[in-house]
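First to last, the sequence lines map onto chains A and B.
Numbering-wise, our numbering puts 20 at position 20 of the first sequence, and it's gapless, one number per residue.
Adding 82 to a residue's 1-based position in the second sequence gives its number in our numbering.
For the record, the hints were derived by calculation from the structure and aren't laboratory data.
Even for Gly, the Cβ is constructed at its ideal location relative to N, Cα and C.
Do not rely on the hints blindly, as some may be mistaken.
[Claimed, not checked] No farther apart than 20 Å at their CA atoms in a straight line, the calculated lysine to aspartate or glutamate pairs in the EDC-like style are these:
id: 1; chain 1: B; residue 1: 285; chain 2: A; residue 2: 31
id: 2; chain 1: A; residue 1: 70; chain 2: B; residue 2: 169
id: 3; chain 1: A; residue 1: 5; chain 2: A; residue 2: 31
[Claimed, not checked] Chain A stretches covered by chain B per the calculated footprint, using a threshold of three residues with CB under 8 Å from any CB of chain B:
id: 4; segment: 30-36
id: 5; segment: 50-63
id: 6; segment: 66-72
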Amino acid sequence: MTITKKIEIGSMEVLPMGQIQVRTDTIIEEDGVELSRSYHRHVCEPDSDTSNEDQRVKDVANTVHTPAVKQAWADFRASQEI
Amino acid sequence: MAKVKIQGHASGTGVLTVTAPNTSSDRTITLPDATGTLLNSDGDGSSLTSLPAHTGNVAFPATQVASADANTLDDYEEGTWTPVYEDGSGNAGTTTGGGAYTKIGDLVYATFQATCSNLNSMSGGVRMTGMPFTSANNATYPSGVVGYMSSLATTAGYSVHYFMNPNTAYLEFYLNDSTAGTTGLQHSELSTSGQMFGSISYKA
Numbered sequence: 001m002t003i004t005k006k007i008e009i010g011s012m013e014v015l016p017m018g019q020i021q022v023r024t025d026t027i028i029e030e031d032g033v034e035l036s037r038s039y040h041r042h043v044c045e046p047d048s049d050t051s052n053e054d055q056r057v058k059d060v061a062n063t064v065h066t067p068a069v070k071q072a073w074a075d076f077r078a079s080q081e082i
Numbered sequence: 083m084a085k086v087k088i089q090g091h092a093s094g095t096g097v098l099t100v101t102a103p104n105t106s107s108d109r110t111i112t113l114p115d116a117t118g119t120l121l122n123s124d125g126d127g128s129s130l131t132s133l134p135a136h137t138g139n140v141a142f143p144a145t146q147v148a149s150a151d152a153n154t155l156d157d158y159e160e161g162t163w164t165p166v167y168e169d170g171s172g173n174a175g176t177t178t179g180g181g182a183y184t185k186i187g188d189l190v191y192a193t194f195q196a197t198c199s200n201l202n203s204m205s206g207g208v209r210m211t212g213m214p215f216t217s218a219n220n221a222t223y224p225s226g227v228v229g230y231m232s233s234l235a236t237t238a239g240y241s242v243h244y245f246m247n248p249n250t251a252y253l254e255f256y257l258n259d260s261t262a263g264t265t266g267l268q269h270s271e272l273s274t275s276g277q278m279f280g281s282i283s284y285k286a
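Start from the sequences and build out the full structure, keeping to the hints where you can.
Encoded structure:
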């Protein structure tokens with residue numbers, strides 16, 4: 001009987017303004033059969049530091065977070081502050 | 083070959099009618115290999131096909147199948163998130179603690195307990211980043227009040243409040259220290275050992 005723990009990116013959702021909602025799944029398996037799965041979430045915004053993100057998140061961020069998206073995000077943030 | 087038996091009710095007088103669908107194709111209904119009572123439904127029952135009611139669970143797919151219908155429940159998820167104290171420029175303080183969330187449809191309920199052990203380069207107003215979902219872009223500013231706090235450098239009697247800007251994934255903290263309302267909670271007021279517990283419900 002072998003118990004293993006895997007951590008993987010389970011889901012990424014890109015919102016209209018470029019935020020990437022990331023779900024990280026922690027999977028416990030016994031002999032390859034999944035026993036449990038738990039979720040951890042965070043959001044990468046266009047101005048977020050992605051240097052410590054999973055490579056797949058970095059790849060999406062590099063594609064989505066263009067200078068225009070980052071500028072639009074900065075403008076939006078400035079307009080929303082109250 | 084198994085036999086088919088249709089039996090009337092011993093005392094009931096109503097007539098059971100089986101109505102054929104409006105189709106030119108043959109249709110077959112295969113009953114389960116078990117004894118039980120068919121699920122009652124006033125409608126067409128189409129939305130009941132994925133509800134394993136016999137297990138006591140209602141399971142949703144891991145990836146939401148979003149619906150724009152205001153009367154459709156399209157998501158359920160439980161998980162954790164990591165709260166981090168930051169300033170408005172993204173400078174993070176060293177934060178320990180944790181957060182949990184439950185998402186039901188587009189409603190997120192998130193709880194947190196977070197302690198700052200080092201302000202690092204934080205300056206100015208305090209935020210908490212790491213929220214599990216981005217708030218809806220609807221200018222409703224979901225908000226809450228810290229339920230427990232300790233070791234903050236604030237005046238006794240002041241409460242700490244927070245809200246989410248639309249379309250963001252962080253909390254902005256405010257101190258109820260003004261006659262007219264609040265002012266931003268400053269990093270110096272969070273201090274190097276400030277601890278806060280709280281929760282917030284918001285639309286994602």
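To see whether the hints hold, each was checked on the structure:
{"no.": "1", "hint": "285(B) to 31(A)", "result": "40 Å, violated"}
{"no.": "2", "hint": "70(A) to 169(B)", "result": "19 Å, holds"}
{"no.": "3", "hint": "5(A) to 31(A)", "result": "11 Å, holds"}
{"no.": "4", "hint": "30-36", "result": "violated (count 0)"}
{"no.": "5", "hint": "50-63", "result": "violated (count 0)"}
{"no.": "6", "hint": "66-72", "result": "violated (count 0)"}
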